[in-house]
Structures are given as structure tokens and as C-alpha cells.
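Undergrad: Chain by chain, the residues:
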Amino acid sequence: MTADQPAPAGQTDAQVRLGLAGWLRWGWRQLTSMRTALVLLFLLALASIPGSLLPQEGINPQAVSQYYAAHPALAPFLGRLSAFNVFGAPWFAAIYLLLFTSLAGCVLPRAFRLARSAGQPPPNAPRHLSRLPHSVRLSTPAGPDEALACASGMLAARRFRTRRGDGWVSAEKGYLHEVGNLVFHIALLGLLASVALGALVGYKGNRLLVAGDTFANSPTGLDVLRPGRLISGGDLQPFSITLDRFTARYVSAGPERGQPAYFGAALRYNTSPGAPMRPYNLQVNHPLIVDGVRVFLIGHGYAPVFKVTDGTGAVVYDQATPFIPLEQAGLTSAGVVKVPDARPEGLGFAGVFLPTAVGVNGRLASAFPAALFPRVSLVSYAGNLGMDGGQPQSVYNLDISRMHQLAVRPVPLAPGQSITLPQGRGKLTFQGYRQWVSLAITYDPGQFPALISAIAALAGLILSFAVRRRRVFIRALQASADDELAAAEPAPHAVVEVAGLTRSDAAGGFEEEFAELVGQLRGALDRVAPASDAPVLVKGE
Amino acid sequence: MDRLARPARRPAAVALAACVTAVAAASCSARVGAANQGFVGAGAASSHYYPAGSRAIAPHVRGRTLTGLPFSLAADRGSVVVLNFWGSWCAPCRREAPALAALARRFPQVRFVGDDVHDSAASAAAFQRAFNVGYPSLNDPGEQVALAFHGTVPPQAIPTTLVIDRSGRIAAVMFGEVSYVGLRAVIETVLRDRVGQAAAGRGWHGAAGA
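Listed in order, the protein sequences are those of chains A and B. FYI, the numbering used here numbers position 57 of the first sequence as 170, with every residue one higher than the one before it. FYI, the numbering used here numbers position 93 of the second sequence as 125, with every residue one higher than the one before it.
Derived from the structure by calculation, the hints contain no laboratory data. The C-beta atom is built at its ideal place from N, Cα and C for all residues, glycine as well. Mixed in with the good hints there might be a few duds.
What the hints assert, rightly or not - Partial list, computed: chain B residues near chain A (C-beta under 10 angstroms):
#1 R96
#2 C122
#3 A153
#4 F163
Input sequences plus hints: build the corresponding full structure.
TA: Laid out in C-alpha cells, this is it:
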């Protein structure tokens with residue numbers, strides 16, 4: 114963030130004369146400021162609130178149309194504001210595009226600056242080294258040039274980047290600090306780009322699949338599809354999955370009775386229509402990966418199989434019908450059977466499936482999630498199911514507004530048992546049950562780059578914290594007679610000033626390193642000019 | 033388990049609305065999902081006509097019909113084919129069914145074929161009896177026929193109706209419910225086409241909808 118952006122000098126009177134370029138520059142500076150980024154982030158959070166309060170088209174279109182029916186005055190107004198499609202709304206896009214621009218506009222220039230700074234040679238040595246935080250003066254019998262050559266060699270050996278000038282050596286180390294910083298910033302951009310990539314060309318979908326059935330990964334094969342902004346239906350990877358068998362095991366005794374012990378879905382899949390099928394055992398948290406798409410097992414339930422014969426004797430319904438669990442402890446599940454084309458009138462059934470049916474105070478309940486004693490209990494209706502008006506319906510809801518209830522004794526059905534409908538309307542047979550799984554299909558090509566970027570960002574951050582950028586300056590002067598230091602020594606040829614500076618010493622420890630450096634320098638100078646006496650430390654900090 | 037609703041499975045394609053007007057465009061990328069028509073209104077969606085010369089070849093479609101007979105689309109080369117993807121559970125399919133059945137009777141020279149997806153043969157047969165549908169439908173519960181159209185003009189919603197020309201190329205697509213008048217106009221246009229002759233720039237608007 115560019116919190117350190119200097120405010121334009123004399124802004125108050127400059128504002129009067131701001132031209133177009135000035136205004137643009139001012140706007141850009143405002144946009145890329147840290148404050149703006151934070152405000153945008155807050156706005157993004159604020160803007161997603163309606164997405165959780167109001168039903169959303171991409172997630173539950175049925176609920177949206179119900180909302181339209183319940184609030185005929187308010188709903189069209191909200192609809193115009195894209196309140197039912199918040200995450201696809203232009204104003205939502207505006208916020209995240211601005212946020213993206215703000216972050217990119219802040220991080221990119223910083224990355225360039227860091228890259229430049231990482232390549233720079235050490236700066237000129239300051240004139241007055243004694244003003245720096247760490248400094249000492251040494252005297253040595255060696256000449257100034259010799260002393261500087263020696264110091265420069267010593268620092269280079271310690272992997273300082275060195276530069277020699279007239280009477281001085283300047284050395285710098287810890288460029289990895291800048292490199293780490295640069296890596297962090299670039300990785301941050303990478304992270305943004307990865308997230309954007311996922312949002313643009315990724316998609317998420319759900320599908321409920323009954324054992325024995327096959328589904329195709331296509332806009333029509335998925336129950337719910339939330340595509341990225343650049344995804345069209347033809348872009349989905351054309352794989353198919355067949356569910357052969359679903360196995361659930363539960364703890365059968367003890368305090369954990371009824372808790373799931375194992376879920377496994379035996380699948381077969383292929384990557385394109387007609388390709389050979391490959392088997393896979395799908396388990397919770399172990400997704401199947403097809404063509405880069407991850408398929409997760411996220412739920413399961415029962416699909417009782419019903420066969421309905423109408424008043425003419427024709428079989429008008431014969432299939433497994435997914436029922437949706439109402440609770441997890443006993444997997445009591447609710448569902449409907451719709452037979453719009455039965456004669457003389459359409460038929461509908463609504464009820465529950467009880468995997469392990471027990472009577473509790475005269476009411477039916479399920480005592481265990483496995484199908485130990487499966488029963489269904491249904492209410493029968495006849496009439497118009499309201500499906501011919503073209504208004505799409507949920508397959509889990511029966512619209513009974515134009516139907517009437519049939520007088521059928523409410524007896525729970527065991528597999529193989531039937532309800533005979535009154536007035537020669539036919540009969541329904543509960544033939545047994547199959548299990549279903551619900552699959553979450555996610556394709557996020559940005560996921561892997563995002564992981565790499567996040568790791569790189571963390572590594573860069575650690576590097577930039579762990580490594581200090583530090584500078585050491587050395588000036589050597591021919592000792593003159595009036596120098597108090599020279600006077601004190603028998604034969605000093607040069608006075609050497611050593612100073613150290615660190616830019617970011619959050620971790621501390623430069624003082625010790627500096628002292629060690631000075632000690633080494635003293636040793637090195639000693640070896641160059643083994644004088645009668647060792648160079649003398651004169652002045653500390 | 034947020035899939036309690038399976039309403040207009042894949043509501044209409046919103047970006048396609050823009051393409052309806054741009055009929056001369058060689059290709060049209062449809063965005064699915066974010067639509068807001070399909071389920072609030074009456075299933076009217078979008079359509080696209082491909083001028084001769086920019087038509088994708090329909091895939092090799094074969095399978096068994098709901099009555100168990102083998103079917104191959106290639107056998108219909110030389111005829112104009114109307115391929116309708118439907119399901120007995122799908123309310124817009126139920127609403128468009130009378131129009132399709134009537135058009136099939138009006139154009140005996142056009143081959144009408146259904147592709148019944150995500151459905152059971154018993155419910156589908158009851159649907160065909162109820163709407164007096166005279167043409168066969170492929171039994172495609174796993175949508176393998178629909179998936180075969182990947183890379184050409186894949187169905188974006190149920191119902192989707194394709195009109196395939198005499199050379200086996202996809203001449204038009206309608207996502208969502210078709211109307212009698214709209215589909216009749218498309219069929220007549222494709223019947224007038226001469227195979228291999230580029231009727232460039234010709235098209236129509238709004239075959240779908242009431």
C-alpha cells in the first residue's frame with residue numbers, strides 16, 4: 114500500500130490549476146492509496162450482504178420466484194438493482210474491479226521500485242562517518258590505499274557488495290531483504306491474478322446422482338451450475354460419471370451410535386462420451402479429479418423406488434425418486450412423486466421415507482440412518498399439478514393448490530406394498546429404495562497458481578523480515594601530525610573510520626555484527642602491516 | 033445439500049439474447065447461469081440461426097428410442113431434422129409439447145426426434161400419450177446424446193431445440209420453450225436452404241417465445 118506516497122507539494126494552491134493530466138494523476142493516486150483499498154474492501158463485504166439476505170438466482174432460482182410472488186411490488190424494483198444476482202451485478206463488479214486496480218496500481222510500482230533498489234550498487238560513503246549510528250576510528254601503520262584495499266577485500270569475502278571511491282569504501286549486504294520484498298509483492302499480484310482467473314474461467318456445480326444413474330458434466334446435466342464470467346456451457350469438460358453403488362456404515366452401538374463410520378461411492382467415469390469407463394471409489398474429502406475438475410462427495414440420501422399405474426392400467430411412473438434428508442440422526446427424508454400424465458387426472462404424492470421406522474408416541478420416526486426397517490408414508494393427491502403452464506417447478510415440491518387429497522388410509526408402506534387409490538385412479542407400489550449421493554463439481558484453474566503465489570508471498574515476507582539490509586562505510590586518511598590519534602602512535606600511516614548503518618533492524622543484532630566486523634578489520638589491517646602495535650580503537654559510538 | 037430446487041434446470045442463457053439480433057455472426061458464445069428470465073417469466077429464451085457456411089456438423093448421434101428401437105441420426109441425412117431435448121418433469125417442455133407435436137404433423141417431410149433426458153421411460157411414455165406426440169424420442173437418462181453435442185451447439189437448458197439441415201449441419205438452435213409460429217418460421221427457412229449454398233446474411237429474430 115502506498116501509505117508512504119508523498120502528498121503533492123503545495124496541493125492547496127496547485128489544485129486550482131490542475132489540468133486533465135493532473136486530475137488523472139490525482140485520481141490514480143487516490144485510487145491506489147491504502148485508504149481507498151481498505152474502503153473498497155469494506156464495500157465489497159457490505160455489498161455481499163444482500164447476497165446472503167435475499168435469495169439468489171444462481172443458487173436458488175425457485176426461492177427468487179417465490180420472493181417475486183410474495184412481494185409483487187418490491188421484487189421488480191430489487192430485481193432492477195440486481196439484488197437477486199448480487200455477485201453478477203454491475204455494481205458488485207465495479208467494486209471488485211476497482212479493488213483489483215487499486216491493489217495492482219499500488220503493488221506494481223512498488224515492485225518496480227524494489228527491483229531497481231535490489232540492483233543498485235552501494236551509495237557513496239557519507240563525509241562524516243562519525244554521525245552514523247555505529248562508528249569507530251582505527252589507526253593503522255598501513256597506508257590509506259592499502260587499508261582500503263584490505264577493508265574492501267575483507268568485506269567482499271564476507272559477501273558484501275563493495276564500491277570504492279576516492280578515499281572510501283562503501284559496502285552493502287542484505288539485498289535478499291529487497292528480493293524477499295519483491296517476491297512478496299509479485300506473489301501478491303500473482304494471488305490476485307489467480308483469484309481473478311478462477312472467477313473468470315472456473316465454475317462450480319452440484320448434482321444429485323442416484324445409484325445406477327449416469328450424469329454428464331454439462332449445463333443441463335448439473336442441477337446447479339455457477340459458471341465463471343467467461344465460461345459458456347460448451348466449455349465444461351465433457352466427462353460423465355456413473356454411480357454404481359453407495360456404501361455407508363454407521364457406528365451401531367455405544368454413545369456414538371448412528372454416527373457415520375464410512376462413506377464410499379463406487380463410481381465409473383470417462384472423460385468424453387464413448388471413451389472407456391474407469392472405476393473410482395469416491396470418499397469424503399478425497400475428490401475425484403477428472404480433466405482438472407474436482408468432484409467431491411458432499412452428501413447422500415435415499416431414493417425410494419415407486420411404480421404408479423393410472424386409472425387406465427398404464428404404468429405412468431416407475432423410477433427411483435430422491436428424497437431429501439430432514440435430519441441427520443435417523444435420515445428421515447421428505448420427497449414428492451409427480452405423475453402429471455396419469456388418467457383420468459394427474460396424481461401427486463408427498464411424504465417421508467424412514468430408513469429405520471419406529472413408532473414414538475404414536476408418531477413415526479427413524480431411529481437409525483441405515484435402512485434397517487425402511488418404510489414410506491405418503492399423502493395422495495389428484496388434480497392439476499400446475500406443470501403445464503410452463504412455470505418451472507422444483508422436483509422436490511408438489512403444488513397442491515389445484516389438487517385435492519385422496520381418501521387413503523395412512524399406513525406406512527413396506528417394500529413391495531401398495532396404495533390402491535379410490536375411484537379407480539390406479540395404484541402406487543413402493544418397490545424398494547436406492548441410495549443417492551450429491552456431488553460438488555468445482556473447476557478452479559486459479560487454485561494451484563494461488564497456492565504457489567501464497568507460498569511465495571509467505572517465503573518473501575519471511576525473507577524480508579529475516580534479512581537486514583545493512584551498509585558499512587570506510588574512510589581512510591593519511592594521518593597528519595596534528596591528528597591526536599597519529600600523535601599518540603609511534604608510526605601510524607592512516608586513520609581508518611568505520612561506520613555502519615542498517616535500514617531495518619527490527620530483529621536487532623546489527624550491533625554485534627558491526628563489532629565483529631570491526632574486529633576482523635583490525636585483524637586484517639594487522640596482517641597487512643604488522644606494526645609494532647596493533648591498531649588502536651579510539652572512539653566508540 | 034443446497035439443491036433442493038431443480039427448477040428450470042439451467043435457466044436461459046442471458047448473453048445469448050444479444051446474439052439473437054446478431055444473426056449474421058458466425059459463432060455465438062452463450063453464458064449460462066446468470067439468467068433471470070427462464071424461471072420468473074414464461075420460459076421464453078433465446079435462439080440463434082447459423083447461415084449456411086457457418087454451420088457446425090452435428091455429431092454422430094445414435095441410441096435407442098423410448099420404445100427400445102435403435103436410432104441413428106445419420107440415417108436422416110438428406111432430411112431436415114428437428115431435435116428437441118426434453119424431459120417429462122420439465123414444465124416448459126410440457127408447455128411447448130403441443131406446438132412440437134402439431135408442427136411434426138404439419139411438416140411430414142421434416143424428421144422430428146426427441147431426446148428425453150434425466151427421465152424414466154414410463155413417465156416419458158405417459159407424456160407422449162398425454163400430448164399426442166407422434167415422433168420418437170431417444171431414451172437418454174444420462175444425457176450422453178446431449179453431451180455428444182459438446183464442441184458444436186450444446187444444449188444450454190432443457191428444453192433446447194436444434195434444427196439440422198439436409199447436409200447434417202446445425203442450422204438453428206432455440207434455448208428454452210419454442211412457440212408454434214417461431215419454430216415454424218425456422219423450419220421453413222431451413223427447408224428453403226439449398227445444401228451447400230451460402231444464404232449469407234439471412235436470418236430471423238425471436239423464434240423462441242410466445
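Undergrad: Each of the hints needs a verdict: does it hold here or not?
TA: Outcome of the hint check:
1. R96: violated (15 angstroms)
2. C122: With a closest approach of 7 angstroms, the B:C122 hint holds.
3. A153: holds (8 angstroms)
4. F163: Interface hint status for B:F163: holds (8 angstroms vs cutoff 10 angstroms).
When the structure is compared with the earlier hints, a violation turns up for hint 1 alone.
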